[in-house]
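Visitor: Each chain is listed here by its residues.
There are 2 protein chains.
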Amino acid sequence: MTDKYELTMLAAALRDGVAERRTTFEVFARRLPPGRRYGVVAGTGRLLETLPQFRFDARACELLAEFLDPDTLAYLADFRFSGDIDGYAEGELYFPGSPVLSVHGSFAECVVLETLVLSIFNHDTAIASAAARMVSAARQRPLIEMGSRRTHERAAVAAARAAYLAGFSASSNLEAQRRYGVPAAGTAAHAFTMVHTRQDGPDEPAAFRAQVDAFGPGTTLLVDTYDVATGVANAVAAAGPTLGAVRIDSGELGVLARQARDLLDQLGATQTRIVVSGDLDEFAIAALRAEPVDRYGVGTSLVTGSGAPTANMVYKLVEVDGIPVRKRSNHKESRGGRKEALRRSRSTGTITEEVVYPAGQPPADTGPSRMLTTPLVRDGQLVAGCDLVAARERVASGLESLPWEGLKLAPGDPAIPTLLTEP
Amino acid sequence: MTDKYELTMLAAALRDGVAERRTTFEVFARRLPPGRRYGVVAGTGRLLETLPQFRFDARACELLAEFLDPDTLAYLADFRFSGDIDGYAEGELYFPGSPVLSVHGSFAECVVLETLVLSIFNHDTAIASAAARMVSAARQRPLIEMGSRRTHERAAVAAARAAYLAGFSASSNLEAQRRYGVPAAGTAAHAFTMVHTRQDGPDEPAAFRAQVDAFGPGTTLLVDTYDVATGVANAVAAAGPTLGAVRIDSGELGVLARQARDLLDQLGATQTRIVVSGDLDEFAIAALRAEPVDRYGVGTSLVTGSGAPTANMVYKLVEVDGIPVRKRSNHKESRGGRKEALRRSRSTGTITEEVVYPAGQPPADTGPSRMLTTPLVRDGQLVAGCDLVAARERVASGLESLPWEGLKLAPGDPAIPTLLTEP
Numbered sequence: 001m002t003d004k005y006e007l008t009m010l011a012a013a014l015r016d017g018v019a020e021r022r023t024t025f026e027v028f029a030r031r032l033p034p035g036r037r038y039g040v041v042a043g044t045g046r047l048l049e050t051l052p053q054f055r056f057d058a059r060a061c062e063l064l065a066e067f068l069d070p071d072t073l074a075y076l077a078d079f080r081f082s083g084d085i086d087g088y089a090e091g092e093l094y095f096p097g098s099p100v101l102s103v104h105g106s107f108a109e110c111v112v113l114e115t116l117v118l119s120i121f122n123h124d125t126a127i128a129s130a131a132a133r134m135v136s137a138a139r140q141r142p143l144i145e146m147g148s149r150r151t152h153e154r155a156a157v158a159a160a161r162a163a164y165l166a167g168f169s170a171s172s173n174l175e176a177q178r179r180y181g182v183p184a185a186g187t188a189a190h191a192f193t194m195v196h197t198r199q200d201g202p203d204e205p206a207a208f209r210a211q212v213d214a215f216g217p218g219t220t221l222l223v224d225t226y227d228v229a230t231g232v233a234n235a236v237a238a239a240g241p242t243l244g245a246v247r248i249d250s251g252e253l254g255v256l257a258r259q260a261r262d263l264l265d266q267l268g269a270t271q272t273r274i275v276v277s278g279d280l281d282e283f284a285i286a287a288l289r290a291e292p293v294d295r296y297g298v299g300t301s302l303v304t305g306s307g308a309p310t311a312n313m314v315y316k317l318v319e320v321d322g323i324p325v326r327k328r329s330n331h332k333e334s335r336g337g338r339k340e341a342l343r344r345s346r347s348t349g350t351i352t353e354e355v356v357y358p359a360g361q362p363p364a365d366t367g368p369s370r371m372l373t374t375p376l377v378r379d380g381q382l383v384a385g386c387d388l389v390a391a392r393e394r395v396a397s398g399l400e401s402l403p404w405e406g407l408k409l410a411p412g413d414p415a416i417p418t419l420l421t422e423p
Numbered sequence: 424m425t426d427k428y429e430l431t432m433l434a435a436a437l438r439d440g441v442a443e444r445r446t447t448f449e450v451f452a453r454r455l456p457p458g459r460r461y462g463v464v465a466g467t468g469r470l471l472e473t474l475p476q477f478r479f480d481a482r483a484c485e486l487l488a489e490f491l492d493p494d495t496l497a498y499l500a501d502f503r504f505s506g507d508i509d510g511y512a513e514g515e516l517y518f519p520g521s522p523v524l525s526v527h528g529s530f531a532e533c534v535v536l537e538t539l540v541l542s543i544f545n546h547d548t549a550i551a552s553a554a555a556r557m558v559s560a561a562r563q564r565p566l567i568e569m570g571s572r573r574t575h576e577r578a579a580v581a582a583a584r585a586a587y588l589a590g591f592s593a594s595s596n597l598e599a600q601r602r603y604g605v606p607a608a609g610t611a612a613h614a615f616t617m618v619h620t621r622q623d624g625p626d627e628p629a630a631f632r633a634q635v636d637a638f639g640p641g642t643t644l645l646v647d648t649y650d651v652a653t654g655v656a657n658a659v660a661a662a663g664p665t666l667g668a669v670r671i672d673s674g675e676l677g678v679l680a681r682q683a684r685d686l687l688d689q690l691g692a693t694q695t696r697i698v699v700s701g702d703l704d705e706f707a708i709a710a711l712r713a714e715p716v717d718r719y720g721v722g723t724s725l726v727t728g729s730g731a732p733t734a735n736m737v738y739k740l741v742e743v744d745g746i747p748v749r750k751r752s753n754h755k756e757s758r759g760g761r762k763e764a765l766r767r768s769r770s771t772g773t774i775t776e777e778v779v780y781p782a783g784q785p786p787a788d789t790g791p792s793r794m795l796t797t798p799l800v801r802d803g804q805l806v807a808g809c810d811l812v813a814a815r816e817r818v819a820s821g822l823e824s825l826p827w828e829g830l831k832l833a834p835g836d837p838a839i840p841t842l843l844t845e846p
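Line order of the protein sequences matches chains A and B. Counting from 1, one number per residue, gives the positions in the first sequence under the working numbering. Counting from 424, one number per residue, gives the positions in the second sequence under the working numbering.
Excised from the complex, chain A in its bound form:
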């Protein structure tokens, strides 16, 4: 989990003595993905969970001996991050320039964390930010994450976690349940209906009977393998009017949901819920608001960040031995120096401005505001928890705090401006 250049920089730094300089690296996004009005910080918990395991074992050092000198290898063999980390609590909203994470320590120990930190934040934040838009589009209707198959098998687990963090109710991914306690959901695919095919043709009733037999009438039956109306009738025939739910995975979902609702009601299955899935994104979810849909299953668009598969956060050196530093090239300017942030709001709780200021120098008159920078690691030890449920609540209250334009799905500017104050 380390890019080669981190270790070559380390080697050169150990050799010329800058390795022990005190540095601060800052993680931030120069801008939100095009048209997005807010982002959701995610990955903090996974980073804190991973940090203590970020070591270089004997086998790794052996392989690295190909291009590293003995001093560097000795440093890595003993490596353990012993610095401090501050950052936004997981689940906070963020905006352009928000210092979502600040890593303080020797240059040597900070520089080797770059890839790990960015991989986790760029992935998890991209998913959580897209997921939050879907949650707000769905209003109070529950969302189920089912995109594992559309992304890398390990990324899928982190994606399920990020979706839950952002307000999804459940995930198809069992490893996310085992590892992070994300409720798992899922009953059957079209293959289960089709495997009941006989020589003389399909036998959907047999498939439904088998599923009800195994899991009771409260199960969810997938009714669109052949014909939705017939599927709904077969489903109620198999499970009776206490059938838990039907799922429709293809076709014109709004039209089919209405037809299914009418048919279910006629058959007395008035409490049976309707789950829709199949190429849903935040816009499709919003478009189904007026339809009798009880739950949404979301796959591809969730795990690919709905058009923004990476958050484009960067990990930049901003301070060396107390001296603010910054790169001077075009279009990549960032303010030097260690920073903290707070968020101003009206008395109603609606947020108005993100204020990023030199560490320890908050603006004098803030009015109602909330400190965003919190201690996460001190002297290499975790001082903050990775409570996923608390992070989930933070996303929910963050969405409530947005001005109403901030929740619009259409492309627009960030919901609040970011003010960088001078030292």
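Any given hint could turn out to be false.
Selected chain A positions facing chain B (in silico; Cβ < 7 Å) [said to hold, decoys possible]: (1) 22; (2) 35; (3) 152; (4) 154; (5) 187; (6) 189; (7) 195; (8) 211; (9) 300; (10) 325; (11) 342; (12) 346; (13) 347; (14) 348.
Where chain B lies over chain A, by a calculated footprint (3+ residues, C-beta under 8 Å) [as the list claims (entries may be wrong)]: (15) 100-114; (16) 142-149; (17) 308-321; (18) 415-422.
So the derived label-pair ranges between C-beta atoms look like this [to be verified]: (19) B:454 with A:237: 33 to 43 Å; (20) A:66 with B:685: 29 to 39 Å; (21) B:844 with A:199: 22 to 32 Å; (22) A:287 with B:685: 54 to 64 Å; (23) B:730 with A:31: 17 to 27 Å.
Just so you know, these hints were derived from the structure itself, not from any lab. Where is the CB? At the ideal position from N, CA and C, for every residue including glycine.
Chain A is already provided as a structure; the job is to place chain B on it using the hints.
Guide: Same frame as chain A, but now just chain B:
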């Protein structure tokens, strides 16, 4: 790595007796990503490597006992895939409907592989397909993959592998080197230059001297932290005219590359190469063809599939006990039955058509053609290797076999049509 519904289907199938029916599941993409003219099959090697480890240990079974019955748990405890797998060799091109993988076995053993198979193929194929377009855009100039930080930390390793497969020369990712033998590359980031800042300001010369001191004049110096012209002069001053390369990571890359080339030549560093990086995709690479660029570093666009982060492959049941089956819903039609494929070409080697036919029934008169379906697994044992270098050569010859329109970067139809023959 399993979605919950695979195990609920398994439980219901074991209970009603369909678990032992002989099935074939097929992996294919209904269409290429919008505008793409070909895809590159990737993931086969990773699947074959992972398959023998796909087991359910005691701890997993204990957790699954929450929703599974004892018979299902007993089945999983003994699980080992014992069926057959056929498929396209890794690195082959594919087109809409190409049966890139066919999994044959009992319903029980095939259905539980869905998420694993699709996660690997959808991720790796998306990356390799984007990478191949970049390779063809770069003509013979080498490409370095440096996108680890823009994607999930484990996906990054698979992305580096997929990029190498598609023709990239190297990757920043050390784990990809350790695990797959992908050559690793990388020297320094802007942080290394900036950490040499003194009280009175930046000290780029000190940073360059430190790097040359550690790695010799053949290293690559990053010259755009402050000013590219000064950076180039400082670089040659530090390393002498045998400096290996300079890297420019921001700004108007074409203009800066020309300025750097002129300056390097004036300073006698005529053999020093120029590496450019920073938001490159296949279009930006092509746009730099006329500029004095020697190597490209590609990050974000590579690991996000350059606009198509997932290949949208599906895993569909196509045959049950010899009976072809298919789903009948709108827009998702696929041909039932076990299939194989061959690719027709002209005598020049230029390909003309993909022919997908019922297994064992190839078209009578094929003309020049090549069989695409090959045995990968028999009775649960691997019968094909996972040779990454061979797969890489397959991509190269695949690109050579495309009709010229197939290599155009602009959106268009698939380079060759797919013909599905009837039984």
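Visitor: Each hint needs a verdict: does it hold in this structure or not?
Guide: Do the hints match the structure? See the list:
1. At about 10 Å, the closest approach between the beta carbon of residue 22 of chain A and any beta carbon in chain B exceeds 7 Å, and the interface hint on this residue is violated.
2. The interface hint given for residue 35 of chain A is violated, since its Cβ lies 16 Å from the closest Cβ of chain B, which is over the 7 Å cut-off.
3. Of the supplied interface hints, the one on residue 152 of chain A holds, with its beta-carbon coming within about 4 Å of a beta-carbon of chain B, less than 7 Å.
4. Taken as an interface hint, residue 154 of chain A checks out: its beta carbon lies about 4 Å from the nearest beta carbon of chain B, inside 7 Å.
5. A distance limit of 7 Å between C-beta atoms decides the matter here; for residue 187 of chain A the minimum to chain B is near 5 Å, and the interface restraint holds.
6. Annotation: residue 189 of chain A was flagged as interfacial toward chain B, and the flag holds, the nearest CB pair being 6 Å apart, inside 7 Å.
7. Interface hint status for residue 195 of chain A: upheld, as the beta-carbon distance to the closest one in chain B is roughly 5 Å, under 7 Å.
8. Given hint, residue 211 of chain A at the interface with chain B, holds; its Cβ is 5 Å from that chain's nearest Cβ, closer than 7 Å.
9. Taking 7 Å as the C-beta cut-off, the interface hint given for residue 300 of chain A holds, the closest approach to chain B being about 6 Å.
10. The interface hint given for residue 325 of chain A is met, as the beta carbon of that residue sits about 4 Å from the closest beta carbon of chain B, less than 7 Å.
11. The beta carbon of residue 342 of chain A comes no nearer than 27 Å to any beta carbon in chain B, farther than 7 Å, and the hint placing it at the interface is violated.
12. Look at residue 346 of chain A: its Cβ only gets to about 36 Å from chain B, farther than 7 Å, so that hint breaks.
13. Here the hint on residue 347 of chain A is broken, as its CB sits about 40 Å from the closest CB of chain B, past 7 Å.
14. Violation of the interface hint for residue 348 of chain A is found here, the shortest Cβ-Cβ separation to chain B being roughly 38 Å, above the 7 Å cut-off.
15. For the stretch 100-114 of chain A, the stated coverage by chain B is satisfied: 3 residues place a CB nearer than 8 Å to a CB of that chain, which reaches the threshold of 3.
16. Using a Cβ-Cβ cut-off of 8 Å, 3 residues of the stretch 142-149 of chain A lie near chain B, which meets the minimum of three, so the contact claim holds.
17. By the rule of at least three residues with a Cβ nearer than 8 Å to a Cβ of chain B, the coverage given for the stretch 308-321 of chain A holds, with 7 such residues.
18. Coverage of a stretch by a chain is defined here by at least three residues with a beta carbon nearer than 8 Å to that chain's beta carbons; for the stretch 415-422 of chain A and chain B the count is 0, and the condition is violated.
19. About 36 Å separates the C-beta atoms of residue 454 of chain B and residue 237 of chain A, a value consistent with the hinted range of 33 to 43 Å.
20. The hinted range of 29 to 39 Å is satisfied by residue 66 of chain A and residue 685 of chain B, whose Cβ atoms lie roughly 36 Å apart.
21. Taking the beta carbon of each, residue 844 of chain B and residue 199 of chain A are about 24 Å apart, inside 22 to 32 Å as hinted.
22. Remark: the range hint 54 to 64 Å for residue 287 of chain A to residue 685 of chain B is upheld by a beta-carbon distance near 56 Å.
23. Against the hinted window of 17 to 27 Å, the Cβ-Cβ separation of residue 730 of chain B and residue 31 of chain A comes to about 18 Å, which satisfies the hint.
Of the numbered hints listed earlier, those contradicted by the structure are 1, 2, 11, 12, 13, 14 and 18.
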